[in-house]
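> Listed here are the chains, written in short residue letters.
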Amino acid sequence: MTQPDHAPYTVDETRIIRKRQAARSRVMGVALVGLCILFFLITVVKVGVWG
Amino acid sequence: MTTAVRDIILPAEWRDFWALTKPRVMSLVVFTALCGLLAAPGTINPVIAFTAILCIALGAGACGALNQYYEADVDAKMARTARRPLPAGRMDRESALQFGIALAAFSVGIMGVAVNWLSAGLLAFSIFFYSVVYTIWLKPNTPQNIVIGGAAGAFPPVIGWAAVTGDVTLLPVLLFAIIFLWTPPHFWALALFMKTDYGAAGIPMLPNVSGQKVTRNQIFAYSFPMAAAAILPFFLAETGWVYGVASVFLNAIFLILAFRVWKNEALDAAHMKPEKQLFAFSILYLFLLFALFAFDRMLIA
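Residue numbers (numbering that gives the first Met the number 0), protein chains in the order written: chain S, 0 to 50; chain E, 0 to 300.
Do not take every clue at face value.
To give an idea of the interface, some chain E residues facing chain S are shown, with a C-beta separation under 10 Å as derived from the structure [unchecked claim]:
1. Pro10
2. Ala11
3. Val132
4. Lys138
5. Asp166
Some chain S residues flagged as far from chain E (calculated, every beta-carbon gap over 10 Å) [what the hints assert, rightly or not]:
6. Leu31
7. Cys35
8. Val46
It is worth saying that the hints were derived from the structure and are not from the lab. Just so we're clear, the structure is a prediction, and the values are computed from it rather than from any experiment. Every residue gets a Cβ at the ideal spot worked out from N, C-alpha and C, and that includes glycine.
From just these sequences and the hints, can you work out the full model?
This is how it looks when you write it as structure tokens:
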């Protein structure tokens, strides 16, 4: 069985890690939604749907 | 995307990735690119214009991340840069490298597909020029680093222009020349009063290699062709009186401040008020000059 290369996380450290992961996930989510909207608009412009 | 803190592994915060992009430098890049885009003849769909500016911003962010990846050890030796994510130990270098490459590839790809491939090619070349030619080759090896490296920072208005027109004519080349010739007085003024920091990091800036007198001579000398390049669009009848009068006024102040730097003989940073004034004004100068250029061109259009 492989041993972890670091000491087990304490409750406080786990809380910090979860908090950072959640914040990064939120930022990534916002960026992806923004890109989806942008790609949709670019497609609409390139295809010429709005003339 | 992890970083070692004490004996445990913590993921880097999103703010650290944001800091990697050098947001303040990015704001100047975005602004000059926007001015180039607004000043260009012709029309561009607002969505495509937004995409072009976003890609230029992401490309500038890629440059910042790749620069900080390569200079992490140097940054740790300078007080001004020691608190950045990599020297401060808040992020590992591989994450910065991957982030920088991803931003570069993404920005160039989207620029090519959504805007045009000339502006994408210029963006790719400027990222390569800043990350490889300037950061890896010029900066650690020659006191002329920021003279040649200044070309990387001069590309954004040309890219903005090319995004609209699909070509590069004399006027965007003049915009390029203004930033290219502005860079030496701007950075050497900083290098004069940050000489100790640059010396500690082993970066061969002009004041450390050739001395402060030579640097002050060079600052004053570069200010003249910069002023000529800045006023030239008016004499070529490419702008109106708003830009013409404003550019003469702004360049007169720049030359006066550069003259005061030239006459100053202080050796310690505490007595380098003219250098600090020139550095601060040079940022305002570029903002105002480009804003008025774009405004005047839009008035004419």
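> Against the structure shown, which of the earlier numbered hints fail to hold, in ascending order?
3, 4 and 5
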